[in-house]
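Q: Residue-level listing of the chains:
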Amino acid sequence: MPDKILTVDNISKNFGGVKALSGVSTEIERGTIHSIIGPNGSGKTTLINVITGFYKPESGAILFNGEHMEGLKPHIIARKGIGRTFQNLRLFDSMTAEENIIVAMEKDMKETLWGAFVNSPSIRNIEKSAKEKAHIILKRLEIEDFADRPVAMLPYGTRRLIEIGRALGLNPEILILDEPVAGMNPAESENLMRIIKLLVEEQKITTILIEHDMKVVMNYSDEITVINNGKLIARGVPKDIQSNPVVIQAYLGTGRAGSQGIKEETDASIKN
Amino acid sequence: MNRKINNLSLPVVSLLVILFPLLLNSYYTMRILSTLGIYLIIAMGLNVLLGFTGLVSIGQAGIFGISAYVCGILMERAGVNFWFAFFFAMAVGLLVGLGLGAITLKLESGYLAITTLGLCLMVKNILQNWDSMTNGFEGVIGIPKPSIFGYVIKSQKAVLVTITIFVVIIFWMLRFFLKSKYGRKLRASRDNEIAASMMGINVVSTRLLAFTIASVTAAIAGWLYAGLYGALFPDFFSMDLSVLFMCIVIVGGQGTIWGPIIGSFVVVYGKELLGSLGEGQMLVYGIILVLLCVVQPSGLAGLFEKGFARLREITLKKGEENAR
Numbered sequence: 001m002p003d004k005i006l007t008v009d010n011i012s013k014n015f016g017g018v019k020a021l022s023g024v025s026t027e028i029e030r031g032t033i034h035s036i037i038g039p040n041g042s043g044k045t046t047l048i049n050v051i052t053g054f055y056k057p058e059s060g061a062i063l064f065n066g067e068h069m070e071g072l073k074p075h076i077i078a079r080k081g082i083g084r085t086f087q088n089l090r091l092f093d094s095m096t097a098e099e100n101i102i103v104a105m106e107k108d109m110k111e112t113l114w115g116a117f118v119n120s121p122s123i124r125n126i127e128k129s130a131k132e133k134a135h136i137i138l139k140r141l142e143i144e145d146f147a148d149r150p151v152a153m154l155p156y157g158t159r160r161l162i163e164i165g166r167a168l169g170l171n172p173e174i175l176i177l178d179e180p181v182a183g184m185n186p187a188e189s190e191n192l193m194r195i196i197k198l199l200v201e202e203q204k205i206t207t208i209l210i211e212h213d214m215k216v217v218m219n220y221s222d223e224i225t226v227i228n229n230g231k232l233i234a235r236g237v238p239k240d241i242q243s244n245p246v247v248i249q250a251y252l253g254t255g256r257a258g259s260q261g262i263k264e265e266t267d268a269s270i271k272n
Numbered sequence: 001m002n003r004k005i006n007n008l009s010l011p012v013v014s015l016l017v018i019l020f021p022l023l024l025n026s027y028y029t030m031r032i033l034s035t036l037g038i039y040l041i042i043a044m045g046l047n048v049l050l051g052f053t054g055l056v057s058i059g060q061a062g063i064f065g066i067s068a069y070v071c072g073i074l075m076e077r078a079g080v081n082f083w084f085a086f087f088f089a090m091a092v093g094l095l096v097g098l099g100l101g102a103i104t105l106k107l108e109s110g111y112l113a114i115t116t117l118g119l120c121l122m123v124k125n126i127l128q129n130w131d132s133m134t135n136g137f138e139g140v141i142g143i144p145k146p147s148i149f150g151y152v153i154k155s156q157k158a159v160l161v162t163i164t165i166f167v168v169i170i171f172w173m174l175r176f177f178l179k180s181k182y183g184r185k186l187r188a189s190r191d192n193e194i195a196a197s198m199m200g201i202n203v204v205s206t207r208l209l210a211f212t213i214a215s216v217t218a219a220i221a222g223w224l225y226a227g228l229y230g231a232l233f234p235d236f237f238s239m240d241l242s243v244l245f246m247c248i249v250i251v252g253g254q255g256t257i258w259g260p261i262i263g264s265f266v267v268v269y270g271k272e273l274l275g276s277l278g279e280g281q282m283l284v285y286g287i288i289l290v291l292l293c294v295v296q297p298s299g300l301a302g303l304f305e306k307g308f309a310r311l312r313e314i315t316l317k318k319g320e321e322n323a324r
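Quick note, the sequences are listed as chains W and Y, same order.
The first sequence begins at 1 in the numbering used here and counts up one residue at a time.
The second sequence begins at 1 in the numbering used here and counts up one residue at a time.
Derived by calculation from the structure, the hints in this document are not laboratory data.
Don't take every hint at face value.
Stated by the list, open to error - No more than 20 Å apart at the CA atoms, straight line, and that leaves these computed lysine to aspartate or glutamate pairs for EDC-like:
1. Y:K179 to W:E142
2. Y:K179 to W:D93
3. W:K107 to Y:D191
Claimed, not checked - Label pairs and their calculated CB-CB ranges:
4. Y:S9 to W:H135: 22 to 28 Å
5. Y:L94 to W:H68: 31 to 37 Å
6. Y:K154 to W:N125: 41 to 47 Å
7. W:Y156 to Y:L10: 39 to 45 Å
8. W:H135 to Y:L95: 39 to 45 Å
9. W:N229 to Y:F308: 53 to 59 Å
10. Y:A309 to W:S243: 19 to 25 Å
11. Y:A309 to W:N229: 48 to 54 Å
The C-beta atom is built at its ideal place from N, Cα and C for all residues, glycine as well.
Sequences are here, hints too, so could you generate the full structure?
A: Pasting the structure below:
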């Protein structure tokens, strides 16, 4: 029996008169990579922002492990086990890579306020074990060499990985990646997706992927949700999605030059 | 080996700093250093808020004033013991911090500056005009000198040592606090509010914590000031003083551990040097502040850090050359 970790039920969100999302529903199965795709401005990031509590939906429900999430504050949803990255990086720039990750571990660090003021032995132990955990994450992401470097100085691709590492610091059940390979070259994106795939397989972290790179989406997704103009237009396995005429039309419009581009690209990537 | 040195350095350095005033003879120097210590306590607390959390408070002199008057009046009229009055100072700090913070910090962060500015103006007015309680412009005088184990803290040297002890205690406590997960929470919510909340940090309560710590340290300074100086006048607790605290933090280097210490020496001694300028000194201050913000946002502490890094580079290079 399939096990739904997250249910998006009939979510609507308006900005002024603009309907960013109207009645979007989808379900995400535990332990899978689920992609959300759609043309620019279709409402993908808005949907993520609703799931993570940054926006309150006008109507509809978000169920995470059967529990209602809509209307909860972002930090509460995060603590329940939904970690995310951002389309335009949002790292804590004054900190090192390691510190960025430890920030997200905060909910599991039982440091008392008084203990923090007097640097009690238990605090020192907690800090030490947090560092060790952060190193494990950095190692998984193959960036342990950057642990003590201030993140502001690091190259873009590394910063992206640190952001993923930070989301992993939350020890999440769901990891939401908003365009993780944007701005990466094919080798870098291949490497990143390989690491993510390992995470999903070994730690059973359900991953929601928003991505424009069709090759990545088609190669790595277990299931795909397609939205356009704030509406759900298709949901299914990659093979069905890429031959779905509604999806192709949404992406390419009708009668534009080179309208076969995406289909050919995705076809090719599947064959690979 | 290294670790052993580190473990020892805390008590040894602290003790040296506390005992240092015993070598002093000049009343004038001790008097300045005492005031500097009081300012430093407030600046260290303000640095937690301004430097590490990125929030502006122009009301530290107000909180300092409320606490000094509450403690001063209790000690002078109600005969409350100096050490016992500490708890009243704590109560004042917590009340103002949590109360004002809870109202303001849910709004956008800029509102804290405006609210605390209001607090500062209000406090000075109340202190000047509530004659029956604060004695108006004549001030609260004759607050009995505190004593410890029968020894009366009366001489300027004893006052300076007492203040230094509190400076050292508060320095270490804040330093540990800032290194803990709470310190990281403050910096995270300063660096990127949205990311912080998405990583499970309650940004509002984190800011409330920072503001409360700044309030409590200012209140502790007020208590020390009332007890050790023995006389309070309303004009002292003005907005200029709040601005002075901000100067100390910004000149020294906001968001650095050593910033307030460097800043308090530079600003307090600078003020002595510029004293002859009268009103003109605020102008000089203004210019220095603007220049610093533009040219060196991390203050003097940041400048020293850069210098040390440079020096290390040079010595490393020399070492390499020598090795060849």
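Q: A separate judgement is required for each hint: does it hold in the structure or not?
A: Hints versus structure:
no. : hint                         : result
1   : Y:K179 to W:E142             : 26 Å, violated
2   : Y:K179 to W:D93              : 17 Å, holds
3   : W:K107 to Y:D191             : 19 Å, holds
4   : Y:S9 to W:H135: 22 to 28 Å   : 27 Å, holds
5   : Y:L94 to W:H68: 31 to 37 Å   : 36 Å, holds
6   : Y:K154 to W:N125: 41 to 47 Å : 45 Å, holds
7   : W:Y156 to Y:L10: 39 to 45 Å  : 41 Å, holds
8   : W:H135 to Y:L95: 39 to 45 Å  : 43 Å, holds
9   : W:N229 to Y:F308: 53 to 59 Å : 57 Å, holds
10  : Y:A309 to W:S243: 19 to 25 Å : 59 Å, violated
11  : Y:A309 to W:N229: 48 to 54 Å : 53 Å, holds
In the structure shown, a violation is registered for the earlier hints numbered 1, 10, in ascending order.
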